[in-house]
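Top to bottom, those sequences are chains C and S. Counting in the numbering used here, the first sequence runs from 1 upward without gaps. Counting in the numbering used here, the second sequence runs from 99 upward without gaps.
Certain hints may be false.
To be verified - Some chain S residues close to chain C (C-beta under 7 Å, calculated; not the full set):
(1) L109
(2) L113
(3) G115
(4) S116
(5) V120
(6) S124
(7) L126
(8) N131
(9) G140
(10) I225
Stated by the list, open to error - Per label pair, the in silico range of CB-to-CB distance:
(11) S:I151 to C:F28: 32 to 40 Å
(12) C:N36 to S:E214: 30 to 38 Å
(13) C:R96 to S:I127: 50 to 58 Å
(14) C:L48 to S:P235: 37 to 45 Å
(15) S:S196 to C:P77: 32 to 40 Å
(16) C:F35 to S:K222: 29 to 37 Å
(17) C:I13 to S:I122: 17 to 25 Å
Since the hints were made in silico from the structure, they are not lab data. Think of the CB as a built atom: it goes at the ideal place given N, C-alpha and C, for glycine as much as any other residue.
So you can see what is in the structure, the chains are spelled out below.
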Amino acid sequence: MYLGPFYFDTKEIFLILAAILVGCAMFFNWPLYWFNPKILLMLIILMLITKGLLPAIHNESFFILALVTIFLSLYLPLFQIVLFYFISFGLFRLMRVI
Amino acid sequence: MLLFIKRKLVLMSALLGSYLVVTIVSPLIFINNTESIRPNVGQYIASKITSFIEENNPMIAQKTIEQQKELKQKAEVALKNLETTPFSVVTKGVYAKSNEMASVREYVLNEIEWVEYTFDVKGKKIIIKVPKGESAPPLGLAEKMAE
Numbered sequence: 001m002y003l004g005p006f007y008f009d010t011k012e013i014f015l016i017l018a019a020i021l022v023g024c025a026m027f028f029n030w031p032l033y034w035f036n037p038k039i040l041l042m043l044i045i046l047m048l049i050t051k052g053l054l055p056a057i058h059n060e061s062f063f064i065l066a067l068v069t070i071f072l073s074l075y076l077p078l079f080q081i082v083l084f085y086f087i088s089f090g091l092f093r094l095m096r097v098i
Numbered sequence: 099m100l101l102f103i104k105r106k107l108v109l110m111s112a113l114l115g116s117y118l119v120v121t122i123v124s125p126l127i128f129i130n131n132t133e134s135i136r137p138n139v140g141q142y143i144a145s146k147i148t149s150f151i152e153e154n155n156p157m158i159a160q161k162t163i164e165q166q167k168e169l170k171q172k173a174e175v176a177l178k179n180l181e182t183t184p185f186s187v188v189t190k191g192v193y194a195k196s197n198e199m200a201s202v203r204e205y206v207l208n209e210i211e212w213v214e215y216t217f218d219v220k221g222k223k224i225i226i227k228v229p230k231g232e233s234a235p236p237l238g239l240a241e242k243m244a245e
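The following block holds chain C by itself, in its conformation from the complex (with noise of 0.2 Å):
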């Protein structure tokens, strides 16, 4: 989807709906159970930032590496998973898997 000059693939599409939902959630208090909407919504803007870095080849490893952050913060704290994410795709770049 093209909006301007810019195009949206279906998954960046999906991430910006979550993020709006994240958002909804953080403004009308939902209860999401087990995951901070605070840190998710931290976790998507970063996604968001590095996708549009990324070429669509690499979509898996990137879909992996997503996942992995997001269950992992039910666990860490924001600092340690943002830390996570960046030195994983540091280590992606340096071992070629992106």
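Chain C is fixed; fit chain S onto it per the hints.
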């Protein structure tokens, strides 16, 4: 197929590696999961490594166990020698006795004369009791107790 498996293995090892870095290395560098870096990061890591080696080296661990046993025996002998020595009064409620090896202090809480200091921290009343003659407790202590 082999390439696919290799790719997945590399991906998993990258995720595992970064998880280990985040859970083991990052607490050594950053203070309490914040973005602030420890001012003495080099010294801190060195001390952690040496203490880890000391704890896990069987030779050193054995040595420390022997030293602790020796110290315990010495303390027991010193306390036995003190048993016959009578207590002398330091102040009301505080008694002490000592020799060259050890010293024993006894506090009888019912006998001690207390002075009460009342602090008002953010609308919370904090009462701290201090033995008579001692200086007043610092405000920081009351603030800590109010948290």
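Check your understanding: What hints, given by number in increasing order, does this structure fail?
Key -> 7, 9, 10, 11, 12, 13, 14, 15 and 17
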